[in-house]
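Asker: Going line by line, the protein sequences match chains A and B.
The first sequence begins at 1 in our numbering and counts up by one.
The second sequence begins at 231 in our numbering and counts up by one.
In case anyone wonders, no lab produced these hints; they're calculated from the structure.
No residue lacks a Cβ here, since even glycine has one placed at the ideal position from N, Cα and C.
Do not rely on the hints blindly, as some may be mistaken.
Here are some chain B residues pointing at chain A (derived, C-beta under 8 Å) [as the list claims (entries may be wrong)]:
1. G254
2. G261
3. Q324
4. I463
5. S464
6. R465
7. V467
8. T477
9. G478
10. G479
11. R531
Simulated restraints on C-beta separations [claimed, not checked]:
12. A:R207 to B:A535: 48 to 58 Å
13. A:M149 to B:P406: 32 to 42 Å
14. B:D443 to A:D95: 35 to 45 Å
15. A:A116 to B:E356: 24 to 34 Å
Quick look at which bits of chain A chain B covers, simulated, 3 or more residues with Cβ under 8 Å [said to hold, decoys possible]:
16. 57 to 65
17. 146 to 152
Given next are the chains, with one letter for each unit.
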Amino acid sequence: MTAIREYGDAGLLVEPDTDPEEAWAVAQGLAASLVDDPPEGLVDVVASFRHAFVAFDPVRTDHAAMEAALRSRLDRAAPTAPARTFTVPVVYGGDDGPDLADVADELGTTPDDLVALHTSEAWVLRFVGSPVAALFVDVPPIPTEVPRMRSPRTKIPPGSVAVSGRQSMIYPVPSPGGWRLLGRTPVTLFDLADPDLVSYRPGDLVRFVPIEPDAWDEHAGRRLLPDEPR
Amino acid sequence: MTANTLVRVLEPGFTTVQDLGRPGYSRLGVGHNGAGDRHAACVASVLVGNDRGAPLFESTATGWSFTVDRPALVAVTGAAAGVTVAGQPQPVWQTLVVPPASPVVVSAPDRGWRSYVAIGGMLQAERTLGSVAPDPLLGVGTRLEPGQELAVRTAFAGLTHPHTVIPVFRFTVDHPAAGHAWEVAVTPGPEAGEFTSDVWDRLGDFEVSRDSDYVGLRLLGEASRRKGRQEMISRGVPMGAVQVPPTGGLLVLLRGRLVTAGYPILGVATTVAVDRLAQARPGDRVRFRPCATADAVADVRQQAATLAELERRVHAALQASGVERLH
């Protein structure tokens, strides 16, 4: 049974009570259905790893009517667009990844082995979130949950590749944040001139590949686009 | 006939062009943003006959001043301590008819933090994803500079009222008084049950930190502690979310929030209360009051009804004064 809970006077939090993969699929399917065919009063929807947060205008609808609209859509499957793979070059460690050594230590491994783990597979892109166009992936092989910074950084450099829990993300713009920084990518993630803003979507695959610091300029400023089909 | 009225900035203070932000772009990670005190912004727009979401000016902590080159309808709302036109004090939260080349000086607030100035017509500023609202993460926004000129497209060319040379509007506008202590209504958040049982007793007295900004208010004080220490997975967060960071105190999300977060959420400030929180300045005190969701919804509907009624009265009065449409 999917829990739908009050989340303030203008919101509902949808939390499918099932395994993480299914919960993600339900949340994404719900969000896609809401965007395609918005119910009266819908303002916004944020589908993330396991949840969907639905914001609405409490003057035009109410919690009961919105919950009913959400329940009627829960069994709609997410549209299955073919997954593309996005390859993200990353300079790991050093000034670009100041938390690499500490996180490796906390996980009982070495920086090299943590990089090997992070680059071992293509991870499913779970959602696009904040700051602007940030992509979020699950990294299930992380052995134990990585804690966030106790006191978040005030300014993280753009392109920083970070982990928390068993998840990873890229910060596309300078921003504050509490995730732990493993490295940094020279590619840019979004284009304000593009109405879609980004070229990736939930369900795509993201593969991190290590590069040497002196290879930065080869990739700098290039926009992240899907790999050419083979 | 529609023409451009030019607004010339004298002293800019800290003033930006605002509107009601970018709802609906969360799936791209773009925050809502827009006027911090949304109700005050809507009232300003309505008082000059504009749509509620029309671009207007928001100043934070400061006053500012400007002139117009043609007669203009102007309204000042929010925290501004006062406004003068050509040196004469005029009412705030009211429709003013400003003659050309008469300096309009908006005072800095004594209490509260954000002030709004709306000008009848369509203020021109660069839009991104449908909105003029500043978003430092997107790298967009228009911040005023001394001497800057902004165009307002409008059909308004002054009033020709037969009975008086100085047209005066007197709309009654209910607006909450600003102070230095704020009582904020909150509905329970998803993690409310995970805190020690004194959770609601411990929401008595916080101080607004200097680290606060448009993203969120950082509140100094002792909050209830969460019972577990499990990492939380990131998920969507509403504006008004009262988060409990591990470093202590509280972080209340305002309209510039990131769309997801991973801290436990004790409660969610009501829609009406988020506007009040946008007026809290560093050093002010904040006290939280538990509120049932139904009561919070009733409050926001009451506020919407009041605004709709004001809109009807302003339209009727402008029509009676010979102003058919502004843009």
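Asker: Against chain A, is B:T477 within 8 Å by beta-carbon distance?
Answerer: holds, 5 Å
Asker: Closer than 8 Å between Cβ atoms is the bar; does B:G479 clear it against chain A? Give me holds or violated.
Answerer: Interface hint status for B:G479: violated (11 Å vs cutoff 8 Å).
Asker: Is the shortest C-beta separation between B:G478 and chain A less than 8 Å?
Answerer: violated, 10 Å
Asker: When the nearest CB of chain A is found for B:Q324, is that gap smaller than 8 Å?
Answerer: Because about 25 Å separates B:Q324 from the closest Cβ in chain A, which is outside the 8 Å limit, the hint is violated.
Asker: In this structure, is the beta-carbon distance linking A:A116 and B:E356 contained in 24 to 34 Å?
Answerer: With a Cβ separation near 46 Å, A:A116 and B:E356 fall outside 24 to 34 Å, so the hint is violated.
Asker: How about the segment 57 to 65 of chain A: do at least three of its residues have a C-beta closer than 8 Å to a C-beta of chain B?
Answerer: Three-residue rule met by the segment 57 to 65 of chain A, so holds; n is 4.
Asker: Hey, does the B:R531 contact hint survive, CB to chain A under 8 Å?
Answerer: At about 6 Å, which falls below the 8 Å cut-off, the nearest Cβ of chain A leaves the hint on B:R531 intact, so it holds.
Asker: Quick check on a hinted range of 48 to 58 Å for A:R207 and B:A535, using CB atoms only.
Answerer: holds, 54 Å
Asker: Is it true that the C-beta distance of B:D443 to A:D95 lies inside 35 to 45 Å, as the hint says?
Answerer: Distance hint for B:D443, A:D95 is violated at roughly 27 Å.
Asker: Given a cut of 8 Å on the nearest C-beta pair, is the interface hint for B:G254 held or broken against chain A?
Answerer: holds, 5 Å
Asker: Take the shortest C-beta to C-beta distance between B:I463 and chain A; is it under 8 Å?
Answerer: holds, 5 Å
Asker: How does the coverage statement for the segment 146 to 152 of chain A fare against chain B, requiring three or more residues with Cβ below 8 Å from a Cβ of that chain?
Answerer: Check passed, 6 qualifying residues.
Comparing the model with each numbered hint stated earlier shows that hints 3, 9, 10, 14 and 15 do not hold.
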